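S.K.: So the sequences go chain by chain: Z and A. If you read the first sequence in the working numbering, its first letter stands for residue 1, the second for the next number, and so on. If you read the second sequence in the working numbering, its first letter stands for residue 1, the second for the next number, and so on.
In case anyone wonders, no lab produced these hints; they're calculated from the structure. Quantities reported herein were computed from a predicted structural model and do not represent experimental measurements. Hints may contain errors.
The calculated lysine-lysine pairs, modelled on DSBU-like cross-linking and capped at a C-alpha distance of 30 Å, are [to be verified]:
#	chain 1	residue 1	chain 2	residue 2
1	Z	Lys112	A	Lys126
2	A	Lys103	A	Lys70
3	A	Lys92	A	Lys256
4	Z	Lys150	Z	Lys224
5	Z	Lys91	A	Lys256
6	A	Lys92	A	Lys56
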Amino acid sequence: MTVPLLKVDNLRIALAGDGATYNAVENVSFEIGRGEAFGLVGESGCGKSITALAVMGLLRRPLSLGGGRIALDGEEIQDASPAEMRRLRGKRIAMIFQEPMTALNPLSPVGKQIAEMFVLHEGMGWNEAMDRAEEALRQVRVPSPERRIKDYPHQLSGGMRQRVMIAIALACGPDLLVADEPTTALDVTVQAEIIDLMAELCAAKGTAILMISHDLGLVANMCKRVAVMYAGRIVESQAAEAIFATPSHPYTRGLVDSLPRLGERSKRGRQRLREISGVVPSIAAYPAGCRFNPRCPSVTDVCREMVPEATPLPAEGLVRCHHHG
Amino acid sequence: MLLVLGRRLANVIPTLLAVIALVFLLFSVLPGSFISGMNEDGRSTIDPAVMERMRKEMGLDDPLLERFGKYVAATVTGDLGTSFRTREPVTKMLSNRIWPSLKLVLAAMTFAIAVGVTLGFLAALKPGSWIDTASMVGAISGLSLSQFWFGLMLMYLFALKLQWLPSFGYGDGGLRHLILPAVALGVGPMALLARTTRAAVLDVLNADFVRTARSKGMSERRVVEWHVLRNALVLVITIVGLQFGSLMGQAVVVEKLFAWPGVGSLMVDSVFQRDMPTVQGCILMIVLFFLAINTLVDLAYVVIDPRIRYQ
Chain Z
1 MTVPLLKVDN
11 LRIALAGDGA
21 TYNAVENVSF
31 EIGRGEAFGL
41 VGESGCGKSI
51 TALAVMGLLR
61 RPLSLGGGRI
71 ALDGEEIQDA
81 SPAEMRRLRG
91 KRIAMIFQEP
101 MTALNPLSPV
111 GKQIAEMFVL
121 HEGMGWNEAM
131 DRAEEALRQV
141 RVPSPERRIK
151 DYPHQLSGGM
161 RQRVMIAIAL
171 ACGPDLLVAD
181 EPTTALDVTV
191 QAEIIDLMAE
201 LCAAKGTAIL
211 MISHDLGLVA
221 NMCKRVAVMY
231 AGRIVESQAA
241 EAIFATPSHP
251 YTRGLVDSLP
261 RLGERSKRGR
271 QRLREISGVV
281 PSIAAYPAGC
291 RFNPRCPSVT
301 DVCREMVPEA
311 TPLPAEGLVR
321 CHHHG
Chain A
1 MLLVLGRRLA
11 NVIPTLLAVI
21 ALVFLLFSVL
31 PGSFISGMNE
41 DGRSTIDPAV
51 MERMRKEMGL
61 DDPLLERFGK
71 YVAATVTGDL
81 GTSFRTREPV
91 TKMLSNRIWP
101 SLKLVLAAMT
111 FAIAVGVTLG
121 FLAALKPGSW
131 IDTASMVGAI
141 SGLSLSQFWF
151 GLMLMYLFAL
161 KLQWLPSFGY
171 GDGGLRHLIL
181 PAVALGVGPM
191 ALLARTTRAA
201 VLDVLNADFV
211 RTARSKGMSE
221 RRVVEWHVLR
231 NALVLVITIV
241 GLQFGSLMGQ
251 AVVVEKLFAW
261 PGVGSLMVDS
271 VFQRDMPTVQ
281 GCILMIVLFF
291 LAINTLVDLA
301 YVVIDPRIRY
311 Q
């Protein structure tokens, strides 16, 4: 068996606050193969973004790594020194953030912010790095890159800024691209362009993607495998097609049912879009047992008392539900 | 850039006119005049006929509007009038005083920026450390100190006890006489700058783009040099400008205390003697300085922050 590019095993992220420590994320495990696109889906606050930050080694107070292992290419990096992590970040694992409005330094020309990557990781001088930055902008299809490299972020549209972010992230040809809600802040028409661009460039360079989003449809389109997170735990992971065809966890079913579908109305008449009742519990008040139990339509006593074990599904999938099968 | 400068200068003129009017009207409603002041101390008795003639000469009996009109007309041409007391042109008296004042204000601000911004930075980079605690305690003390008391303490320690520095006066205009008054004047802005810088740097350190910078694999030092410094500077420069501008006005107390021959001490003396033209000249000078510094700050924004372009 080949070694996966990224292996996250039993990850726990601790949140310190109010004199107590909570587990913002626990028991999270997944693997991403070389060049593979993997999706992590969940509502706001379920722990998907901080899982990404943990992989980057960028957790900051009050968050910290509570336990578990993160291995890149078979090499464990959870205890790597800051200097070792710096050499990995940007060079081998890169990240794109949600807000292209604020993720770029407003006082620095975008070309320079791309060029920094070449200066940092490839030891280039600024002149050479700026030439490469122009090339990188051309690759992400920013029109007239020779002029744009001198532009400041406020002179670019949201979509263009996210292209710049992609250019920065892919500058040094990383093995893994962590994309944290890369299109959430963009117009719908621009979203598709950005996703296509990202997928295309990563495919060309053999870069694996860890795609993080609340949008199940978007992730399923782009990724081969998808994991669904709820309240700090992975509740189900499956191949992308299987998630839609046979969602196994009640939460996943709820997510799938809440997506509007084209053509449905002509087949089944006008119907109210289904929703998942209730709200996500707060970290300080996670319920015992299965954390989805207060909102679950098929809840029983065992769900309120015992944390469900992972049950394997066909094709390397798994689900955590007492009522599966 | 020139356009920005032009627009700023166009804004300065109405402000100046308003200040001139305010100062003039304020003095016209104050009780007493230069002449009555001469009699009040009881040392001199002046013939009422002489007093009457002086009032005429100085135009003190003319209607308010007429005096105001004459004053504005003269001021616009650069004539600030003649001092009642010394019979010298006010412009000449001011020109003797402006250089010492500028020197004091510049020295105080240099001290405030050098110490305050440095302390603020160190405190922000290591929040919760001893240097953070020490500099913030220092900053709060600095803000709460009265200039007058602090100046006296400086004199006591460095001039009287240690005898390192002269206690007052301008001397030959060298650095030795400058240090104590500059520190006394600069301690307030220094404290404020330390606090503002700390807050600004902490603010920027939590910004999204700093997280981006870290995700690029930059060392914390590079993150600060390449991304934090400039952004924090935008916030700091506002405070620098405000403090700097008002410093010449604040210098009144320190100048008086250290017998520094600046605009501030001239103003205080002139107020006591109801020497209206001189007081007006001093205030005008202080306001001009404030406006000039503000204009410079606006220009600095344009240089530092590409988002700011005055349309």
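S.K.: Check each numbered hint against the structure and report the violated ones by number, ascending.
M.R.: 2, 4, 5
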